[in-house]
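The sequence shown begins at 1 in the working numbering and counts up by one.
FYI, nobody ran anything at the bench for these hints, they're computed from the structure.
Hints may contain errors.
Stated by the list, open to error - Under the rule of at most 27 Å between Cα atoms (straight-line distance), these lysine-lysine pairs were calculated in the BS3-like manner:
(1) Lys184 <-> Lys208
(2) Lys173 <-> Lys184
(3) Lys65 <-> Lys121
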Amino acid sequence: MIYTCTLNPSLDYYMEFEGDLKNSQTNRSNLEYYEAGGKGINVSIVLNNLMVPSKAFGFLGGFTKQFFIDLLLKYEYIQPRFTYIDGHTRINLKLKGKQEIDLNANGPSITVENMHSLIKKLEVVDKGDIFVFAGNAHEYLLDEVELMIKDISSRNVKVVLDTNTTIIKKCLKFNPYLIRPNIKEIEEILNIKIDMDNLENLFEPLDKLYSLGAQNIIVQLGEKGAIFKCKEGIYYTDVIQQGEIINTVGTNDSIVAGFIMNSLRTIDVVDSFKFASCCGFATYYSKGLATREKVNELYNRVKAIKLK
C-alpha cells in the first residue's frame, strides 16, 4: 500500500480571470472552483489518476474539514485517513489570469499530542509499503517528524521525502528511497552554491546526496527538464514542447507520484524516472494534475539520457 502524509493540507480556491489582474480595481473571475490541496494530497490525486490506490494521512480541522473530505471522496482510489485537530484547515487562493498568483495561508497550529495521534495511526505502515512525506512541517515539530521517519524506515518501508530541507538533511541517514529537492534546497542541505550555467555542476552535489544516504534523487529544472541520480549514474530528461505551459501547480508532486507508480511494476529506476518526467510534463500541459491518458501520450516521446 502507498501512504501519503501531509501535515498542512489546504482547501485550494481557484479563481480564473481573462487577461491581466489589475491593481486597485475590482477583478471579476470567470470561473471558480475548489480542490483538495497539499503536496501529499496532490501525490494521492495523481496516483488516483493512474489508477493506483493510496491512503491519505495528515491533519484536518474546522468548518472546512468535511468539505475537504468530500472533495477527496470523488476520487475512487484515495482513502482519507486524517487526524482531526482543533484548528482550521487553511484556505489558499489560486488566481489564474495571464499571470498566476498564489496566496497561501500559514495553517493551524499542530500540537505534539496531535503528532502522537498521527504516529499512532501510522503504525499500520509495514514492510513493503511506500510512505510519502510531503509538504512543510512547522519548525517546532521537526524532532517529532524525524522520530516518525526513523520509526517507519526501520520497518523496511520505502520512504519518499519532499519536504523541509532540515527534515531531508536529518533523515538522509535513514536511506530514503527517493528525495525530490530543488536547486535552492540542495544548496541549503549541503551548504554550497551551485552555478546552473552547466548541468555538470550538479554532478558533485548529486553524488554527495547519494553518498549521504538518498537512494534516488530527482531534481526538477523547470523549462530545462529534470535530472536524476541513482546507483546506475546520472540521467536527464528534456522538456517536451507542447505549446504554452498551462499549469505549474503540482508538477513536482506529479513527478513523485509517477516515480512511485512505475516502481510498482519495474525495478528499473531509470524507467521510473522517465515515467515520472512524463507525469510532470503532463501536468505542465493540463489544466489540472496529470492524467493517465496525457502521460501515455508523452511516454514514447521522452528519453532518459545518461550524463554520467
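Now for the hints, and whether the structure bears them out:
1. Lys184 <-> Lys208: With Cα atoms ~15 Å apart, Lys184 and Lys208 stay inside 27 Å; holds.
2. Lys173 <-> Lys184: Between Lys173 and Lys184 the Cα gap is close to 21 Å, so the pair holds against 27 Å.
3. Lys65 <-> Lys121: It holds: about 18 Å lies between the C-alpha atoms, which stays within 27 Å.
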